[in-house]
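Just so you know, the sequences run in chain order A and B. Counting from 1 along the first sequence, just add 14 to a position and that's the residue number in the working numbering. Counting from 1 along the second sequence, just add 17 to a position and that's the residue number in the working numbering.
Bear in mind the hints are in silico, worked out from the structure with no lab data behind them. Wrong hints could be hidden among the right ones.
Said to hold, decoys possible - Incomplete in silico selection of chain A near chain B, CB under 10 Å:
| # | residue |
| --- | --- |
| 1 | Val27 |
| 2 | Ala28 |
| 3 | Phe48 |
| 4 | Tyr50 |
| 5 | Arg56 |
| 6 | Gly57 |
| 7 | Phe60 |
| 8 | Asn110 |
| 9 | Tyr111 |
| 10 | Gln112 |
| 11 | Leu113 |
| 12 | Ile122 |
| 13 | Ile123 |
| 14 | Lys124 |
The C-beta atom is built at its ideal place from N, Cα and C for all residues, glycine as well.
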Amino acid sequence: AQSVAQPEDQVNVAEGNPLTVKCTYSVSGNPYLFWYVQYPNRGLQFLLKYITGDNLVKGSYGFEAEFNKSQTSFHLKKPSALVSDSALYFCAVLFNYQLIWGAGTKLIIKP
Amino acid sequence: DAGVIQSPRHEVTEMGQEVTLRCKPISGHDYLFWYRQTMMRGLELLIYFNNNVPIDDSGMPEDRFSAKMPNASFSTLKIQPSEPRDSAVYFCASSEGWGGTDTQYFGPGTRLTVL
């Protein structure tokens, strides 16, 4: 079955440190992968996507994600975290014209 | 562009009442999506439209839910009668195309509470 797993409900990082939010997927065929961010009381905002090409994808707000086909992963990264990065992050994979969403990871950046 | 607009932002109603949620997609976007977000089930696609025509409504939970898109700039999601388990945040999203590579733009959501 097609699925997305975000193994961590919450990730805590000190401001200025690098951050990683993990995502693994299971889908037949070549995956189209997405990261969205949700701030409190707001809708989801697109961060970045992988369709094809370079395995390292750069997106908004300094975020990037690395596609790893052998590990079926698409981890979100940022070299230096900001307090304002604190939010809920969703990974998604496209299947049959629908986005299959992960459960979300709450990212908390502490000053 | 103002982005995807949803109204109301908050709705509190009593069980058995009819609830109508509204969405205005981004101008020029041909696709419109309705999602429901709950703690228990996460983000679920309810239905999506292409050029005002429903394409896939397999996510609509039951007959109490209905969605319409009478024109390119307006869609409604109706629940009749509402039940406490319908309490959730309902999002509308739109995109220019939908081959999968297009970005979906989300509205701020409507937080529905059914007492």
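Each hint tested on the structure:
With a cut of 10 Å, the hint placing valine 27/A at the interface with chain B is violated, because the nearest CB-to-CB distance is about 23 Å. For alanine 28/A, the interface hint is violated, since its Cβ never comes within 10 Å of a Cβ in chain B; the closest pair sits about 28 Å apart. Interface restraint check for phenylalanine 48/A: the shortest CB-CB distance to chain B comes to about 8 Å, inside 10 Å, so the restraint holds. With a cut of 10 Å, the hint placing tyrosine 50/A at the interface with chain B holds, because the nearest CB-to-CB distance is about 8 Å.
Taking 10 Å as the C-beta cut-off, the interface hint given for arginine 56/A holds, the closest approach to chain B being about 6 Å. For glycine 57/A, the shortest C-beta to C-beta distance to chain B is roughly 3 Å, which falls under 10 Å, so the interface hint holds. Taking 10 Å as the C-beta contact cut-off toward chain B, the hint placing phenylalanine 60/A at the interface holds, the least distance being around 5 Å. Nearest Cβ of chain B to the Cβ of asparagine 110/A: about 9 Å, under the 10 Å cut. The hint holds.
For tyrosine 111/A, the shortest C-beta to C-beta distance to chain B is roughly 6 Å, which falls under 10 Å, so the interface hint holds. Annotation: interface hint on glutamine 112/A holds; nearest CB of chain B at approximately 6 Å, less than 10 Å. Hint status for leucine 113/A: holds, given a least beta-carbon distance of 7 Å to chain B, under 10 Å. Look at isoleucine 122/A: its Cβ only gets to about 18 Å from chain B, farther than 10 Å, so that hint breaks.
The closest approach between the C-beta of isoleucine 123/A and any C-beta of chain B is roughly 22 Å, which is over the 10 Å cut-off, so the hint fails. A distance limit of 10 Å between C-beta atoms decides the matter here; for lysine 124/A the minimum to chain B is near 24 Å, and the interface restraint is violated.
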